[in-house]
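Following the hints, position chain B against chain A.
Here's the letter readout for the chains.
2 protein chains.
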Amino acid sequence: MTDQSSAIETWLQENAERRLESLKAFLRIPSISALPEHAADCRAAAAWVAADLRSSGIEHVEVSETGGHPVVYGDWLHADGAPTVLIYCHYDVQPVDPLDMWESAPFDPIIRDGRILARGAADDKGQLHLHLRAIEALMATRGRLPVNLRIVFEGEEEFGSQNLDAWLVANRDRLRADVAVISDTAFFQGNVPAITISLRGLMYCQVDVTGPTVDVHSGGFGGVVENPANALARIITGLKGPDGKVLVPGFYDDVVPLTEADRAALAALPLDEEAYRLEIGVPALVGEAGYTVLERRGARPTLDVNGIWGGFQGEGSKTIIPAHAHAKVSCRLVAKQDPHRIFALVRDHVLALAPVGVRVEVQNLHGGRPSLTPIDHPATRAAARALEATFGRAPVYLREGGSIPVTASFESILGLSTVLLGFSNPDDNAHAPNESLVLANHETGIRTVIRMFDELASTGLG
Amino acid sequence: MTDQSSAIETWLQENAERRLESLKAFLRIPSISALPEHAADCRAAAAWVAADLRSSGIEHVEVSETGGHPVVYGDWLHADGAPTVLIYCHYDVQPVDPLDMWESAPFDPIIRDGRILARGAADDKGQLHLHLRAIEALMATRGRLPVNLRIVFEGEEEFGSQNLDAWLVANRDRLRADVAVISDTAFFQGNVPAITISLRGLMYCQVDVTGPTVDVHSGGFGGVVENPANALARIITGLKGPDGKVLVPGFYDDVVPLTEADRAALAALPLDEEAYRLEIGVPALVGEAGYTVLERRGARPTLDVNGIWGGFQGEGSKTIIPAHAHAKVSCRLVAKQDPHRIFALVRDHVLALAPVGVRVEVQNLHGGRPSLTPIDHPATRAAARALEATFGRAPVYLREGGSIPVTASFESILGLSTVLLGFSNPDDNAHAPNESLVLANHETGIRTVIRMFDELASTGLG
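If you read the protein sequences in the order shown, they are chains A and B.
Numbers 67 to 528, taken from our numbering, label the letters of the first sequence in order.
Numbers 67 to 528, taken from our numbering, label the letters of the second sequence in order.
Next comes chain A alone, as it looks inside the complex (with noise of 0.2 Å):
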């Protein structure tokens, strides 16, 4: 430990009881983004962090208008010749619906068995605090901080982030940097320290398909009109093989394929299928052939249907068929499939799957680009080292199945390759009743960030 470490750790642990104190206060604030009458409470909270970080010595701090619910901004540059780390966190928070399921109020934080329980403890308010702490820790024993710092705390983000990309455009200028940290992902099972190198993409269409202007009866016409519905499933079909394969031409070329190395590191966390399969309640897992559970999840792409609907759906019988029939249709993408160019592979293959007798239109209703920052990234391997050093432990790298549209917003806005670094578990129960963050996570997060911090000081970025 350096004197500079001794430090710092010497004033952590003497202000250990006023930090508990704070993350309390701040899961008191009830800043549900999605409830209207919470709107107060989520200026409260934005005013909250930001008079926190002026206290601390963040600089340009500012409640800065969205048109929704505020983002909190701040900056500390003088750092010369270390890089600028661009931090993000959300300060809101999920409904509590159900009440009645929650065992203590849940703007009411209690600390048991190690855990602190509240609303927004894990997501992620108790990971925006941690930031807080170790901004303050390093600002009040050093005066300074080793790196640029560019703050961004959005306070929609359980509300979809409506209003975040037009703020990120409008803020352009003042948000570069060489890396921005994410800390708003979790831990493997079994608390432990894990980094989330890639997020799925998505292309997200509808296919429609129309047949006889009308519903017609399905003995008057049956055997002589294409029926819409039997159309729209020969063309599922034929999007996606019995193998899993997506059989849309074209569809994996641009994929980048998984290494010896990425393969052993989905292979190295231990996961019980078994246990895995019955909390999902399928006969089977399924998926891609030649490809692990992790790697289907995580960094493979795939296709779904997301809903389908045509004709008759009441109780009984109606001889109908169907004058048209529809599904949502969308792929999970990963690096570096664009989902526009996907888009155009899908529509291309559903109209050349379409039979003469009905008419196929295929819409494009949504995309989000996938992102891959790489175990080797030099932003990754810092925050590796920290953990490490943090935790005692290796992070173990994770490739999550969903978005964060927020990381490729930062990628295609502002030109970021982004880090994922959360400290939440899997067990902290994010948006449902009775979510907790593990104490010790929150003390040795912060430690985790100072580390980080100097560490990302001694990369080449910047």
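Since the hints were made in silico from the structure, they are not lab data.
Treat the hints with caution; some may be incorrect.
Calculated pairs, DSS-like style, for lysine-lysine (alpha carbon to alpha carbon, straight line, at most 25 Å) [what the hints assert, rightly or not]: (1) K90(B) x K311(A); (2) K384(B) x K402(A); (3) K384(A) x K384(B); (4) K384(A) x K402(B).
Here chain B is said to cover these stretches of chain A; the calculated rule only asks that three of the stretch's residues, wherever they fall, bring their Cβ under 8 Å from a Cβ of chain B [claimed, not checked]: (5) 278–289; (6) 446–458.
Label-pair distances were calculated between CB atoms; the ranges are [as the list claims (entries may be wrong)]: (7) L344(B) x Q429(A): 21 to 31 Å; (8) L337(A) x D404(B): 17 to 27 Å; (9) G180(A) x N430(B): 39 to 49 Å; (10) V422(B) x H283(A): 33 to 43 Å; (11) G133(A) x A341(B): 49 to 59 Å; (12) A333(B) x H283(A): 20 to 30 Å; (13) E427(B) x G481(A): 50 to 60 Å; (14) A232(A) x N430(B): 50 to 60 Å; (15) Q379(B) x G256(A): 33 to 43 Å; (16) G226(A) x D493(B): 51 to 61 Å; (17) P492(A) x V422(B): 54 to 64 Å; (18) D179(A) x V422(B): 19 to 29 Å.
Quick reminder that beta carbons are idealized off the backbone N, C-alpha and C, glycines included.
Chain B alone, transformed into the frame defined by chain A:
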């Protein structure tokens, strides 16, 4: 013309005006079976028909309770050695909505362009009425009928005939006959006299596919679990090939093959396929390879999805893998396919197609047997001779794609073959506003029925 037929013709001409007034009086009764507020009108129509039969000399006339709207029964059984014919029509009618589309009041019949316009004119009060007048004319001029007659005039046909089967079972002993004649079908387009020789049967089932316990996130689980909607699409696609052939093993085993004569009879029907296609509004007519449109529509079995649903159906995008997906699937059947056997075959094939990652169940919802009374059946030939003698041209023979459940009931409950001898037209607007009947069909139809009874008397039936 024989003396007998000459005498009847004279009598019919003398009574033409009274006959038209009788038809109008019958059509004025708003006997809408589906609407509870018209229950008394249905009873009034039944009473009107019963009184008419009694005044013609029909015996054992009874307004017979069914639990719903009554059946009018009557018989005349004094033609020793002659066959016994069961006549079926229905005195109830469809609702009249949308009323503002009618050019005249639906229950105030008017004559225009050789047609009588009123709800029920074609379906089926006009056709019932021509039987009443044929019976009246025979009894008035000869004092007897050439055949034994049992009359079953139903009051719930437009409301699902929910009570008819039980009534048939309860009255099986007094319904013994050699053949049934139903007048509730239409001539071919262009007012070409026609006999419908077959109706398709039905097997209607529901396929339920279950995956995860709840809808799961398509990012977190896509590539790991079988998607119930994709699985359902695969199952449906495995039921029928792109060439329109049903792929269920054994499906065609019991199909009576079309003879050269059958195919020639259908080929003789003038069908404007392009006009037909435009009317339906589809880009192309499709169906089972190797068969014509009319063969596919009426003489071949098929399989259709009647409804499909699962997952997200709203606007926009929701990234879920649905917990379950469902389809209503039905087969139109032809002689001698059995709905129960077909259900078992379809169920087994669906289960064989089911991917391992989901649970699949198949429910049998509804079924009906196909019917076929061949062109060379003695009663069909008698009806054909009667049509040719009265309308001046040999009838065409139709195979209808839909079902008339009472036909199957007559076969299964009473063991009767049915001749479908109807006098309405495809352009009569049955079930629609401005329903009408060509008055000449009503008038000539009376002569056809009389002639058919005479022809049946000389068959070997009975």
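Hints the structure violates: just list their numbers, smallest first. 1, 3, 6, 8, 9, 17 and 18
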